[in-house]
Amino acid sequence: MVGGLDLFLDYLAKYSPIVVFIILAAGFGIVTLVLSYLVQPKYPEDEKLSVYECGSEPFSDSRMPFPVRYYVIAMLFVIFDIEVIFLYPWAVTFDQLGVIGLIEMMIFIGLFVVAYVYAWRKGALEWD
Amino acid sequence: MFDTSIKLALTLSQIGAVMGVVLLTVAVLTLLERKVLSWMQDRMGPMEVGPYGVLQPVADGLKLFFKEDIIPAGANKIMFSLAPILVLVPALIGFAVIPFGPNWTIDVMGVEFKPFVISDINIGVLYILAFASIGAYGVILGGWASNSKYSLLGGLRSAAQLISYELNVGLAIVGVLLLAGSLSLVEITEAQAGGFWNWFAFDPVPFPQFIAFVIFLIASVAETNRLPFDLPEAESELVAGFFTEYSGMRFAFFFMAEYANMILVSCMSTVLFFGGWHAPLPFLQAPGMFAWVTGIFWFTAKVYFFLFLFFWIRATLPRLRYDQLMRFGWKVLLPIALGNIVVTSVLAYIFPN
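If you're matching them up, the sequences are chains A and B in order. Just so you know, my numbering puts 99 at position 99 of the first sequence, and the rest follows in order with no gaps. Heads up: take any position in the second sequence, counting from 1, add 1000, and you land on my numbering.
Please keep in mind that the hints were generated in silico from the structure rather than gathered at the bench. Don't take each hint at face value.
Now the in silico label distances, taken between C-beta atoms and shown as ranges [to be verified]:
1) B/F1066 x A/R121: 55 to 63 Å
2) A/W120 x B/P1051: 53 to 61 Å
3) A/A74 x B/V1058: 35 to 43 Å
4) A/L49 x B/V1293: 48 to 56 Å
5) B/W1292 x A/L7: 28 to 36 Å
Positions of the beta carbon are idealized from the N, C-alpha and C atoms, including for glycine.
Can you make the complete structure from the sequences, with help from the hints?
See below:
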């Protein structure tokens, strides 16, 4: 498994800068927030801390129920996004796959369109 | 051990430079946006701070830094504090895979080093898309944790909008991947060398990706919550959407993330469709050692053109209604993007490069 180790070291070399970047970016955020926390004035009052509601007293729970539409859109997104991601490896290896790959993907996109038309006809894409 | 420390020092300075340039550009953009909008509306814009108002970003930054950071009553403190960082970090680290200049590998004391890209990973496009989606978590988390109705509605709208248009971004990129045969942004740039007729937006053989570019542009305006798609923060109905309750530095982070995302999608448009750092005509590119000078110049020029386009669109178009926005994304952009993939793949098979 010498090849495996080399591959691992190669990935380590390529992805370690990204890990460093994530740490630095998060560090920038946290340090700035902490520094700002140290220098800012703090005069909390009840009126100031109450949530904004056009100047009137907030009424009822603000974590209110929301339309089920959002949930339907989220489900459709999960389904369609997986199908989109499936196109990526095919697109990258397009040259090597030849006509078989093209035909197979046309069938797949056909299925995609069937699901899409079904969702459309069922009214899942309507927003009213 | 010596090699590792050299490598670390080089990487750190590179990341520092990229982060510095991005944050500086964010500061410049906050002023530039107001100035451009002012010019388009025949007024002056900020003029008070410094000559011609150029120090306005500094004043804004200092003001927000010293402002009281209010956590509203009933808010979920941890998530409320976490959300701005969760939005800002993905917006910044996307730049790790963007090639700003020629794909050179130089030798610094025995260590191989690519000066113009932080990390050339072979899944660059996926990496950016993945982290762009994480930004959506920060938005919905911030909206939910604020314990405010406006924030919750803004967060929900934003989440639905981001995922709907992400689909179109994903589909629009497939055409480019078909032509480039790689997910690495460096290799996608290299595939467009030569002149503007080789850029994927215009390349006549097998099929110009201009339609895909337009879809990508519209979808990225929606992804960055910019007008005319800024429904999540529509002032006239939701006060400020998901960051209604934010103040001080946390508010600044949401603001910075929005501008950093704008820069990121402009960089992506440049790299994917407009040849990255390549000059539009071959003779406009300096030869040999000095290619990086013109490379960085053209890259910056293209990115600023797209940023200007963002402001221009904002000044021109009115805001959509939410049902129009969702209908447009799902029923107009998605079929066109899918059709583009079918046409591109068939033509790419018939006329291989």
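Evaluated hints:
1. Separated by about 57 Å at the C-beta atoms, B/F1066 and A/R121 satisfy the suggested range of 55 to 63 Å.
2. At about 56 Å, the beta-carbon gap between A/W120 and B/P1051 stays in the expected band of 53 to 61 Å.
3. A/A74 and B/V1058 have their C-beta atoms about 41 Å apart, which keeps the hinted 35 to 43 Å range intact.
4. Range check, A/L49 to B/V1293: Cβ separation about 54 Å, and the 48 to 56 Å hint holds.
5. Hint check: B/W1292 to A/L7, Cβ distance near 31 Å, so the stated range 28 to 36 Å holds.
Hint compliance for this structure: no hint is broken.
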